[in-house]
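> Protein chains in written order, with our numbering: chain A, 381 to 615; chain B, 12 to 237.
Hint data in this document are derived by calculation from the structure and do not stem from the laboratory. These numbers were taken from a predicted model, which means no experiment stands behind them. There are no misleading hints in this set.
BS3-like, lysine-lysine: derived pairs with alpha carbons at most 30 Å apart:
| no. | chain 1 | residue 1 | chain 2 | residue 2 |
| --- | --- | --- | --- | --- |
| 1 | B | LYS193 | A | LYS465 |
| 2 | A | LYS521 | A | LYS489 |
| 3 | B | LYS179 | A | LYS606 |
Just so you have them, the derived chain B footprint on chain A, three or more residues with Cβ under 8 Å:
| no. | stretch |
| --- | --- |
| 4 | 442-456 |
| 5 | 541-552 |
| 6 | 569-576 |
| 7 | 603-609 |
We treat Cβ as the ideally placed atom computed from N, Cα and C, and that holds for glycine.
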Amino acid sequence: MNREIVKTIALRSFALVILLSTGWQVRAQEAKATYPSMARLDQYLMADRNAEIVLARSAAPESISRDAEVMVLGRHGYEMAVKGKNGFVCLVERSWTAGINDPVFWDPKIRGAICLNPPAARSYLPITLKKTELILAGRSKAQMSEGIKEAFDRKELPALESGSMSYMMSKQAQLADSVGHWHPHLMFFAPQTDAVTWGADLPGSPILTFGYSQDRMTVFLIPVGKWSDGTADGN
Amino acid sequence: MGSLALLVLLISARQTQAQEANAKYPSMAPLDQYLMSDRNAEIALARSAAPESISRDAEILVLGPHGYETTAKGRNGFVCVVERSWMAPFDDPEFLNPDQRLPLCLNPPAARSHLPLTFKMTELALAGLSKTQMFDSIKAAFDKKELPIPEPGSICYMMSKQQYFGRKYGNADPHLMFWVPKTDDMFWGAGLPGSPVYVHQYSPEPITEFIVSVSKWSDGTAGPTD
Chain A
381 MNREIVKTIA
391 LRSFALVILL
401 STGWQVRAQE
411 AKATYPSMAR
421 LDQYLMADRN
431 AEIVLARSAA
441 PESISRDAEV
451 MVLGRHGYEM
461 AVKGKNGFVC
471 LVERSWTAGI
481 NDPVFWDPKI
491 RGAICLNPPA
501 ARSYLPITLK
511 KTELILAGRS
521 KAQMSEGIKE
531 AFDRKELPAL
541 ESGSMSYMMS
551 KQAQLADSVG
561 HWHPHLMFFA
571 PQTDAVTWGA
581 DLPGSPILTF
591 GYSQDRMTVF
601 LIPVGKWSDG
611 TADGN
Chain B
12 MGSLALLVLL
22 ISARQTQAQE
32 ANAKYPSMAP
42 LDQYLMSDRN
52 AEIALARSAA
62 PESISRDAEI
72 LVLGPHGYET
82 TAKGRNGFVC
92 VVERSWMAPF
102 DDPEFLNPDQ
112 RLPLCLNPPA
122 ARSHLPLTFK
132 MTELALAGLS
142 KTQMFDSIKA
152 AFDKKELPIP
162 EPGSICYMMS
172 KQQYFGRKYG
182 NADPHLMFWV
192 PKTDDMFWGA
202 GLPGSPVYVH
212 QYSPEPITEF
222 IVSVSKWSDG
232 TAGPTD
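Can you build the whole structure from these sequences, using the hints too?
This is the structure in C-alpha cells:
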C-alpha cells in the first residue's frame, strides 16, 4: 500500500486515530468489506428535507449559515433548497466525496455537513456536484474518478480559487464509523501543494492535510475549539 | 477623482496624526529597548513560534541596530523572526511599545511576500521616522508596487508561549495567521459571532489578515481554553 493511499485512508476518513493504533490495517479491511459497493439510493438520502437543511446549516455558526444558500440531495443530484444572501453555500456531502480508496467511500451513513465560503462555492462545489451526478447516474468508483479527470482536462471544472475554505463544525455530522463527528474544524482548499509548504502533518503542527490526485487539490485542515453551537470540543 | 484621492489622503493623514498625539507610545524609545542583548535568546524565541518539527530547519533572523540579520540558514523554506511593535497596526495603542515581542514563523510564500514589509517597516522605524512618515512611506511603497501583496497560501505560526503583545493582551493565545490581498471580512466569515476566524484589516497596506486560534502552544502544552 503506497504512502498516498495510507494517508488518504487515514485522513479523509478522519481516522488518524486508526492510523496510530496497532490494528488499523485490520479495521480498514473490515470497513472495506462492510461497504464494498453502493447501497440503495434511499439510504444516502434524508427523508426529512428540513432535517437536511438544519444539518447543512449546523456546519457553521448561525451568524454565517443563516444567510447561506442551502442545498439538499435529491434523487438526481443536489438541489437548492434555500437561497442565500452572503455567498456561502451549506450542504451535506455524502461518502463519495471521499477518495476512491477510502474505506468509507460507499458508507451510506456518512453525513459531511459543510459550509463553503464564496470562492469555495465557486470552485470546490462544482467537483462535489459533478461527483454526485456521476454516482447517481450509476457510475463505478473508477468511472467517477475518470469522469472527474476528464472534466478537469476539458476545463468543465474550474481551477480552485485562492482563499477557498470551509467550515465543518457540526456536532451532528457523521464522518466515519470510527470517529463519528470527529472534531470541529476548518478546511482550506489549495491547488496541489506539498504539505510541508504549510508545515502540515509534522509533529506538533496544528495543521493536517489530505488530498486526491483526481481532485487536483490539497486540503489543509485545522481543528478549532468549539462546535457551531458554541459548545466546547470535549476531546 | 484627484480631489477625492487628496481628500482621502488628508483625512487618513489627519487620523494618523490624531492617533499619534493620543498614542501611548508616541515615538520610538531608545533603540536598545527594542533589541535583545542575548542573541541566542532571540534565536530561541524566534524558533518558539512554531513546533520544533518546523522551526528547527527554518532560517532565523535576529534584529540588530541596522535591521534584521540572518543568523541561521534554513532548509525548509520557513523563516522565523521576532517582530517588534512597529509591525503592530498603526492604530494599535501598543505601536512602538518597546516591550512587545512577536515571534512568528512564516511559510515559504509568506517569507517571500510578507517579510519585505517587515524589513521596510523596520528600516523606517530604525531611521527614526514618525508614525505619520512611516504610514505615508508604506502607502507609497504599496502604491508604487515596491512591496508585494501576499502570495496565495501565505501563512505564519504564532504559537510561542513567550510571545508578548503588551499589557492588555499579554501572551494572547497560540494561533495561525493567514495573509491575503485586501478583502472583506465575510470572505472567510470572520469576526462574526461564533466564528473561529478573527480578522484584522491592515491600513494602509492592502492586506487582510485572518487569524485562527489553535489549541496548543508550540511546546505541546495546552493553550487558554477561551
